[in-house]
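Peer 1: If you read the protein sequences in the order shown, they are chains A and B. Take 186 as the starting number for the first sequence in the numbering used here and just add one per residue. Take 135 as the starting number for the second sequence in the numbering used here and just add one per residue.
None of these hints come from the bench; they were simulated from the model. Every residue, glycine too, gets a C-beta built ideally from N, C-alpha and C. One or more of the hints may lead you astray.
Only some residues are given here: those of chain A computed to face chain B with a beta carbon under 7 angstroms [to be verified]:
#: 1; residue: R254
#: 2; residue: G261
#: 3; residue: L422
#: 4; residue: A479
#: 5; residue: P501
#: 6; residue: S504
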Amino acid sequence: MRITATTMARILVAVMALGVMVTLGVVSAQDDGASGDETAMPPYTRTGADTCLKCHDETSEFPVLSIFRTPHATVGDEKTPFAGLQCEACHGPGGEHGKRVRFGQERPPIPAFGDNSIWSTDRENEICLDCHRGSERMHWEASTHRRYDLGCADCHEVHDTHDPVTVTAEQTQVCLDCHVEQRSAVNQASSHPIRAGKMDCSACHQPHGALTEAMLSKPTVNETCFGCHAEKRGPVLWEHAPVTEDCTLCHRPHGSNHPALLTKRPPLLCQECHSRAGHPSIGRTGADLPSGRASGFLLTGSCTNCHSQVHGSNHPSGSNLSR
Amino acid sequence: MSDCDHIHSRPPALAALLVLVLSLIPGTALAQDDDDPAAEDETVDTSSWRCRLCPFETGWSGSITAGGGYVSEDSFEFGDYTGLEEEGAYPILGGELRYRGENAGYLDLSADNLGLESRSARIEGGRQGSYRLYLEYDSLPHYIADDAQTVFYGARTGSSNLTLPSDWVRGDTTADMTTLDGSLRDVDIEQEREAIGLGAGIKQGDNWRYNLDFRRFTQEGNRVQGGNFLLRSALLVVPVDYVTEQMDASVGYVTDRWQMELAYHGSFFTNNDESVSWDNPYASVTDGDDRGRMSTPPDNSFNQLLLSGAWRPEGGWLSTSARVAYGRMEQNEDFLPATINPAISSPASSRDSLEGRVDTLTANARARAVPWKPLSITGEVYYDERDNRTPRDKYVQIMTDQYIADTRTNKPYGFEKTGASLDADYRLLRRLTLSAGASREDYERTFQEVERTRTDEYSLGLRAGPWANLQLRLRQTREEREAAGDYETLEVMPAENPRLRKYHLADRVRDVTSANLSWSPSAWASIGVSADYAEDDYEESDIGLTGATDMTYGLDVSLVPAEGMTAYAFVSQQRIESDIGGRDNVSGAVWSAELNDNIRSVGIGGEVRDILRDGLDLGLDLTYTRSRGETDVDKRGIAPPFPDLKSDLRSIGLFTRYEVSETTDLRLDYRFEQYRTEDFYYDEVEPDTISNVLTLGRESPDYDVHVIGLSARYRF
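Please model the entire structure based on the sequences and the hints provided.
Peer 2: Okay, here's the thing in structure tokens:
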């Protein structure tokens, strides 16, 4: 039996409704009203990083020495954590975590950026923002990622010399861990050079928060596209209004099953908006294939076989976008 | 929108400005009492913090990677963007060089794929926390087709003057072009994009930031473009020779509570080909229609000023940010003559160039308030205007260099978009947050069937963590778009079907449902499940797009079963459906089309370190993507069906790395890709298959490519 999209949608809604009810029940039962003792400030260690590194060397379960090949541990920069409170500048006071524990006693967690850390994501983020608030993080506070409780450490690996999310060829995998729909898109027949590792998500998006839809870096969708496709910016004499308005009316920027990232193929793509008497309105069928009449109104570029200036024409006689 | 003053209709722009101004007012006071990170430090006794065990990095270090590989088969499709398009050996060359000085001075040099068209390199240096300088280079090959054939001279040399062989026999149809077969020449369709960038950044004191970036892109190669004479066309291989220069400069002032940035963005596009001319391969219909000439994208420029700011008062109950961007697009390339047909006298034109100018104004302001702890409210207003000040004029249309048609007036397109939204998140319980939101957008356009559309959106959501290791997110959205006033079909000849509703202007109801679940059953396993469904109902449309659905669901599993071992698996499925209605010649046969795109991706892989012996790592990735495009057109119930569009991509990636010594490791890579496609738009379409379109005879790509590479990396 073939499951249609509508059936799937109904199943999805039903599952969601069930999920909501179960979740509300479980959450109510589980909720203890406590908010965690975030305000408690444990003591700092006695010897700073030397205390931490006694355990966290390269043989430990949580090796940390790679931090010394990152900007956070640069000798001579007074702003780096290691010019101040060292490990505890970011991880919070480690006096409790670093103290001796009795046999069988569970070691208290480090306050921030560790397993079972007690500080909230917001508080952890504040630690990062203390130094990294400027410029591209200007719009973080009311951003979608912040709204969904995303933490800096969810994407960044600050102990890594080459933090994957800052490396073009590796960043996409970090983003696609959550953005499943885009994972499907970038694997499609037509896509930007993302799979090849030559373009990353931040070429268009500003994950630290932006005021443009879809967290785009530029003020509008089209300005984003013109960053690499300036030849389509114009203005030109004969404009194709939807092109000028929004590239995504015809293109799927993350990937498509059709050439040039189109949402669908001409002629049907064009016939969504053009049904003038004559050839634009004719419904093309299998009779127009090479086995039939081999119609130029369908095959190869279809409408663009003649109307090849679909992005607009600056030719005085180009009103029908063929010059 | 060029003819009136819109200041009265710009409340979001004013709101954005207000936020920016507000951010300045407290700034003067707060600039004096910014939170000083050191203040907290003063309470900590760090006198015994020697950092004796800290292996700070100083001096030079780096690595060099060198080796070679082999590609088993020529394939443009496989080599697209990677540069591995040719069968044969290729070099593997790259590396990095680092310097860290005692005084925070640094130098980073990196290079990748130096032996390939996809090469890149970057050098950056400076003093951390004070200034930085960089220079970078990147090359991106774009291989489009290696099986195209053309009859035009000049196509293979990148000429904008395409001519036919001297013995060319023109015909009424492609079948009548008797010298066609003997005139076909292979031509590769490819482009190379190179980018050179340089820039500098300076931090002055605790607050000032300065940045200057310059980038120059060149894009050279060719592309396919149709060139027609009335209803008879030839697919041409036309040159691409573009240069784009971009400059960004900004100055920012950052404090803990507020910040401002003033920025400039300039973009200047130059096309080294002002037009493309080509011989008409078809028999003459009118006197002098031996050649055609079409325009190419004209030189243009864009200059923009951006002012951004953010402010958050003490206490964290409010955070605001805003941006205002004012830009100007200009284009004034000399017009081409209305025709190059010597038998038609080119009509007098009132202008030699467009003097095109578009002023853009974009303003956004957003605030997040937490009036009391469980509740947070996010409000946003925005304004986006494209004020097209391009002069309107009359232009006599010489259709396809063959005959004088009507006189038309250009319609400079402009729009004005205003919107606002309000979203609230209420933390009902510690692990349960309920959300609700509403938004409204008004969209006014010039010279369109609908003067204004209004879109309202409402949403409800839930985020819950019934257990600490399980997170659930649900969201339901309804969006309703309605045209203000009637949909008035534009007067054109031949007439447009009055029942057509263009989908971006039509009334629409969109329902979006999304559900995401992430579960970490143990410290070494995490599972993510997501499903998204969107349904569009164009309830007033019966010609044009009438409905669409988009459904995606996915499953991700990540495992760390043992130390040094990682594994993953994913499945994602997307199904996109569209329904389109049409009618032949306005009052003729009614037809309907249903398009379904189904894309399924499956992947599994992992990496094991120190397998069998210390220093030996192994990694494996397997992926399969299957795409099917179904096109069903129902017309009088007798139309033959279309075959499916098919593509299947199977890929195996395997690597092993062995650490020979502390400074040297060897890496062996193997990659296999199999690609199978069926595309009825291109398959079996020879240059003369279509009577009125002389094509390039391209087929949809298939390949089986093995790549093996062996490289050594030396670290120092």
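Peer 1: All the hints need checking, so say for each whether the structure fits it.
Peer 2: Here's how the hints hold up against the structure:
{"no.": "1", "hint": "R254", "in the structure": "holds, 5 angstroms"}
{"no.": "2", "hint": "G261", "in the structure": "holds, 4 angstroms"}
{"no.": "3", "hint": "L422", "in the structure": "holds, 5 angstroms"}
{"no.": "4", "hint": "A479", "in the structure": "holds, 5 angstroms"}
{"no.": "5", "hint": "P501", "in the structure": "holds, 5 angstroms"}
{"no.": "6", "hint": "S504", "in the structure": "holds, 5 angstroms"}
When each numbered hint is compared with the structure, no violation occurs for any of them.
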